[in-house]
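Protein sequence lines correspond, in order, to chains A and B. Counting in our numbering, the first sequence runs from 1 upward without gaps. Counting in our numbering, the second sequence runs from 104 upward without gaps.
Since the hints were made in silico from the structure, they are not lab data. Here the structure is a predicted model, which means the values were calculated and not measured. There's no promise every hint is true.
Unchecked claim - Residues from chain A that keep clear of chain B, each with C-beta distances beyond 12 Å, as calculated:
{"#": "1", "residue": "LEU27"}
{"#": "2", "residue": "ALA67"}
{"#": "3", "residue": "HIS90"}
{"#": "4", "residue": "PRO97"}
Said to hold, decoys possible - Calculated cross-link-like contacts (lysine-lysine; reagent style DSBU-like; alpha-carbon spacing at most 35 Å):
{"#": "5", "chain 1": "A", "residue 1": "LYS24", "chain 2": "B", "residue 2": "LYS172"}
{"#": "6", "chain 1": "A", "residue 1": "LYS86", "chain 2": "A", "residue 2": "LYS24"}
{"#": "7", "chain 1": "B", "residue 1": "LYS414", "chain 2": "A", "residue 2": "LYS24"}
A virtual CB, placed ideally from N, CA and C, is assigned to each residue, including glycine.
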Amino acid sequence: MTTTPNDTSPRAEWPLYEVFVRGKRGLNHVHVGSLHAADDTMALHHARDVYTRRNEGVSIWVVRADAITASSPDEKDPLFAPSGDKVYRHPTFYDVPADVPHM
Amino acid sequence: MSTSTDEARLEEQFEAVIARHERIEPRDWMPEGYRRTLVRQVAQHAHSEIIGMQPEGAWLTRAPSLRRKAVLLAKVQDEAGHGLYLYSACETLGVSRAELTRMLIDGRQKYSSIFNYPTLSYADVGTIGWLVDGAAICNQVPLCRTSYGPYGRAMIRVCKEESFHQRQGYELLMTMMSGTDEQRAMVQESVDRFWWPALMMFGPPDDASPNTARSLAWGIKRNTNDELRQKFVDMTVPQAERLGVTLPDPDLRWNEERGAHDFGQPDWDELTRVISGAGPCNAERIAHRRRAHEDGAWVREAASAFARATKEPGRDRAQVEQAPGSSLRDPDGRVETR
Ligand SMILES: [Fe+2]
Ligand SMILES: [Fe+2]
Chain A
1 MTTTPNDTSP RAEWPLYEVF VRGKRGLNHV HVGSLHAADD TMALHHARDV
51 YTRRNEGVSI WVVRADAITA SSPDEKDPLF APSGDKVYRH PTFYDVPADV
101 PHM
Chain B
104 MSTSTDEARL EEQFEAVIAR HERIEPRDWM PEGYRRTLVR QVAQHAHSEI
154 IGMQPEGAWL TRAPSLRRKA VLLAKVQDEA GHGLYLYSAC ETLGVSRAEL
204 TRMLIDGRQK YSSIFNYPTL SYADVGTIGW LVDGAAICNQ VPLCRTSYGP
254 YGRAMIRVCK EESFHQRQGY ELLMTMMSGT DEQRAMVQES VDRFWWPALM
304 MFGPPDDASP NTARSLAWGI KRNTNDELRQ KFVDMTVPQA ERLGVTLPDP
354 DLRWNEERGA HDFGQPDWDE LTRVISGAGP CNAERIAHRR RAHEDGAWVR
404 EAASAFARAT KEPGRDRAQV EQAPGSSLRD PDGRVETR
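Based on the provided sequences and hints, a complete structural model is requested.
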């Protein structure tokens with residue numbers, strides 16, 4: 001928002017919140033989008049109205065976008081490298097005869 | 104020196120992601136032209152959802168039954184939601200919501216030409232659901248695979264909700280078609296008015312749409328305007344037959360060789376006029392949006408003031424009220440002061 005002499009803080013844009021919804025019991029909260037709200041309570045109400053109009057969720061988290069720390073794309077390689085060479089973390093790494101049941 | 108090498112490397116990575124049909128995400132590097140094209144398209148799409156509430160919203164207080172009113176209310180509310188999903192996607196490209204709103208009410212960004220036509224009867228609510236939301240679905244289903252992640256995800260949410268919009272409209276028209284001669288005439292009159300503007304929703308013909316090739320190359324669009332228009336006509340013709348209405352195009356007929364319908368061209372000069380602001384309702388739509396925005400200013404300011412005033416004190420008060428055990432409460436539930 002451009003700042004003009006009249007543009008005092010009450011008119012400034014409401015902060016951005018990221019919204020996470022738990023679709024049903026047993027699932028993780030998943031990021032669904034974002035919205036603007038004046039405060040946390042309003043963010044929750046807006047999230048309910050915007051993102052769960054058809055019972056898409058049993059629980060909502062809202063978090064101010066400026067409170068999130070994210071890995072940057074430039075860091076991608078070094079940050080995720082530790083898991084890149086650990087193929088033994090995947091079940092397909094292990095040779096098991098095909099006739100072993102339930103595995 | 105190294106900057107241009109870096110940029111070339113980044114562009115190469117970007118092109119590689121597009122070539123693999125993977126998605127570009129907000130924090131990725133992207134060419135400025137890609138970003139600008141997306142901002143324009145996603146903003147225009149968001150504005151269309153928001154302005155699109157007006158033609159039907161005008162009938163909310165005059166719905167013929169409580170059932171129709173509840174349905175229309177839910178539909179119009181969905182369109183507000185679609186606008187918000189899309190604004191939220193657009194903001195990930197580095198534009199602010201306030202800026203987007205301002206560009207809409209200043210006329211610097213556009214919205215779909217279809218919403219500049221008036222709704223003259225309740226049959227129009229049905230026709231809009233059937234033809235306008237139907238055309239929107241044709242447009243939006245391939246956009247679920249658009250190359251920009253947030254836009255595609257917004258489209259998936261939107262598409263899930265659109266089929267209700269189209270079906271309620273078709274059902275409304277079916278009901279009217281099984282009514283009196285007068286009601287059937289209302290439906291036909293409405294379809295006559297909306298058919299050509301609905302075809303214009305896909306934009307100008309391919310040979311007059313210079314940006315299409317680049318949007319296709321970037322994976323922003325997945326089909327050309329004419330491809331989508333053809334698909335819409337082919338889908339709609341049997342629906343019109345089943346409904347018992349005539350589509351107002353003397354050139355419309357099945358082409359066995361092509362395995363598709365031939366159809367007439369909309370009046371492209373009319374589309375140009377409507378897009379450039381001279382449609383029947385352009386001024387009214389923008390004035391209404393501007394008024395709603397300005398009339399809501401005090402609400403936004405009050406909410407901000409409330410948020411500031413209650414921020415820390417609010418938290419403290421909530422804790423104080425929960426802290427004392429029940430023994431400290433008066434019989435009427437008031438907390439005793441110590
Ligand atoms: Fe919509
Ligand atoms: Fe819709």
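Status of the hints after comparison with the structure:
1. LEU27: Given a closest Cβ separation of 17 Å, the condition holds.
2. ALA67: Non-interface label on ALA67 (chain A) holds, nearest chain B Cβ at 15 Å vs cutoff 12 Å.
3. HIS90: holds (21 Å)
4. PRO97: Correct as stated: the minimum Cβ-Cβ distance to chain B is 36 Å, above 12 Å.
5. A:LYS24 with B:LYS172: holds (30 Å)
6. A:LYS86 with A:LYS24: Status holds; Cα separation ~32 Å.
7. B:LYS414 with A:LYS24: holds (31 Å)
In this structure, every one of the numbered hints holds.
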